[in-house]
Amino acid sequence: MLEGIGLGLRQPIATELFAAAPAALRWLELHPENYLSSHTHGTRRGGRYASLLTQARDRFPLLTHGLSMGFGSLSRFDAAYLRSLRSLVAELGCPWHSDHLCFSSVDGVYLHDLLPLPRTEESIAVATQRIVEAQDALGVPIAIEHISYYATPPGSELEETGHLREILERADCKLLLDVNNVFVNSMNQGFDARAFIDRLPLERVVQLHVAGHHVRADGLRVDTHAEPICEEVFALFAYTMGKLGRPVPVLLERDESFPPFAELAMEAERLDPIYRAALATGEAGSERAVFERGSEEGARADELTVAGGLSAAGELGSRVGR
Amino acid sequence: MKLSEYQRAMVELSFAEREVMPEELAAFGLYRHMIRARLFAMAQVAFRRTWALLGDEACSASFSRYLALYPPRSALIREVISSFGAFAEVDVLLLGAGAAHAGDLLRFEGAKWRVGSAPFDSALMGAKLREVDFDGVLVVNPTLEWLSLSFAVTEESAAASSHTLFVYRRRDSDDVRWYRGSSSFAALLSLHSSRSGASLGSLVQELFSSGVFSGSDVGASLSDLAAELAVAVERDVLWGVLS
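In order, the protein sequences belong to chains B and Z. The numbering used here numbers the first residue of the first sequence as 2 and each following residue consecutively. The numbering used here numbers the first residue of the second sequence as 68 and each following residue consecutively.
Pulled out of the complex, with its shape left as it was, chain Z reads as follows (with noise of 0.2 Å):
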């Protein structure tokens, strides 16, 4: 036998969904069940509550479909685990008889699993910044994740509620902290990363010409965006403006 036939024969017997021969197991079982046990283990630590939710029969085997499907195209495991996220989100065998806040559940721990080691920008990190104003470029934290979604999931209760989460890391701590932002701040947001260097105060007006704040008090509007600003410079979700 060839190195390479020896080779794929070793990827095809650890995730191929099939029944392992016998003999099989007999020579290089061990090897399958602790390369697939080393994954599910970090797989089920990424996505502790959604694993709980719809339990670890259902995860289990979509994990199982997932491996199958898209074998580890990264030397970095916990890639690996960030991909299922995604396959998961739309595995209607694993979602299609779970609870309804399931698939919101499953973007808000991936999420939580990719920004915990998203990397911070060090040119934007060693960049002179001031306090937000509307001449200047808003500076968004680069590790800022935003999630559309229609449940509650960050707490125990997971009600239905429409919101804009935003997932992130601060600059003074490690820890992974989520923010629900306003729709009018998702919408700034969402604008500011389609506007390559357009100020804050030209995102505003733009704003308004799309019709964002139509049908209400655009001068409260205004006074409750400018105060959501400053609150999440306040929480690190923005770093100020570009000077």
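The shape of chain B in the complex, shown without the other chains (with noise of 0.2 Å):
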């Protein structure tokens, strides 16, 4: 059974996690764009990425998360990507595929990030369609990851959980919660993260992933995946595994700015007892690991967070207006 703290799998990271992966690390998840060629052709990249799914392959069990699919997309999926993406999943035995509840293309243009979509009718009725041609065409479960957001769109009318919930009845499909998204969202649009969960269908959980975020100067929180996980999301995290109460895999997200290796593996071994704890003892016992393991180790965490929050900072300061 797949469960348990698993990482990305990243260029910069590779080398040592398959020379010295921590103790706790069970599975890894990969990005399929980053290893099929061009959809058109259907085939395999080549050089470096193809080496790096080899060896992952050869070490741990994989799950395939991706980028472009975006339910709430409005045309179809390019089905040359669908063949591909299936041939993958199969030959990795994913027992899911996961990708975004968001829009990334309109018309055939592709805007390589993640968009919210309105909350509305329409949308529940596009993501429902395009969630069950893809559960279709992949012939696996999709779970469905409800993104960060930093503004409401134009015509909203429902409120977020109710929306999602929505989607995930109509198209019968899991849920990959994001712990970080959700305490990312909860601070930037001003709702209670616990009562956002209690809210969630956790029965169509398979998945849950944890990730740092950046603190902008005006206090807007961005969710980067380039900074350590900050204390209220390893306590969200505890809050979530501890209803959730039965295992899953926990992915720690980390796609920039990587620290020195053994900095990424503590983090990930610091998952590892909150994860077990809520699966021994359930949500108290699960919140209580989180505070022993935080007293020793908060001090460095928050001086981590601010090392990031800067660097990240300048990175994007550098390119506004572009």
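Quick look at which bits of chain B chain Z covers, simulated, 3 or more residues with Cβ under 8 Å:
#, segment
1, 44–52
2, 75–82
3, 116–122
4, 150–162
Calculated Cβ distances over 10 Å to all of chain B for the following chain Z residues:
#, residue
5, GLY193
6, ALA194
7, PHE201
8, HIS230
9, SER249
10, ARG262
11, ALA287
No wet-lab data here; the hints were simulated from the structure. We put the CB at the ideal spot given by N, CA and C, even for glycine.
Starting from two chains that each stand alone, build the complex the way the hints lay out.
See below:
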């Protein structure tokens, strides 16, 4: 059974990951877009990424997490991409494939980012149709990940959990619950993160994501995956695990500004006892595990958060206005 | 607002080359910023030396024109960056005021970017090959791209020098390599690409007929070509000949 702590397969950490994986590490997640070749030809990418995939497959169970399907997109998915993806998912033996509840393309133009959907009946209908199409084409269940967002699209009529629940039910699909996204959105949009999780159909959750985020000078939290997990997200992870009370794969997402691998490994090792405690004792036990470890490592984690934030701000700031 | 109207408005906001209104920035400006920042950052990685040569302002302006004229049509971000190379090669606003070798450097960096991800042909990988002989059909490394250049852009000095550069990946390494071939080797490979299934011997004969070796010692030329074929096999530019 695929469960426990996982890491994203990323080129900057791959050598150390294969040489000295943290003891807690059970599986890896990969973005299919990094391994598939041109959609038109439906072939595999060559070079470094092909080597990475081979090495990863020999060492760990793998899960696929896409970046380009965007279930709120109006156009149908590219058939060649679906064929390539189906073949990859089958070859890796993935029990499901996940991608985002958002839109990332329209009229054949790709934005290469995850944009929020208006929370309307129209977007529910579109997303439901796309998810059903994807499930049929891939031959495995789809898990949808709710995204972090920084603006609410015009015309939104529904509350986020209501919109999400409706799509999950109509498409009869799974949920990838991103704890960091819930926290970031709760801070930016002003809602209670725990109440949000309480309103989700947790029986549909098959996977969790946990990550760090950047806090801008104006207080806006940006889901960068370039910083360590903050204490509040550790706590929300414990709360979520306590509510779930069953084993699921939990991904520590890190995509940029990689720290020395030992630090990333320690972060993964810190998630594991919280996860195990929730399975053993339920909500109270897992939250206690956070605070016991947090008191030892909190000061160091705070320093790293500040450093990561400054770095991310510098990179973002240099490109403002383009 | 319909879903389609909202989504098209976001595409326009992200890629159009125009003044962004303050009210747009307030609501969705962060998305324009994030979408563009990701693409710009990747273009700078792919075209690192070109960016350094021509400057951030000129390259960013060219990339901005590219996004406005050709918004990304591929779900694979690396292909969006590849296409920028083709756009920039003919972007006179970018190259017009730059160093003479800027165009060659762009082509070289573009080829490196593409070759880094090019797949090996699985049928060829499994094919039985033997050492080069004139009866066999040449098997060229399927990742190979060749560039006719006027400057030696693989070197920092980038001195003027007309030559053909072959960019490729070896089977035993993920690193991108390049090989500067002679004019007769380039002519041979060019002919090979247009004569499917022709033996090496017949290609060489055609080269003689077309006058590629005229005006020189034919025996020496043939000997040089044979030596170069051996080097090309050793470097994995050529894989051998089909049995």
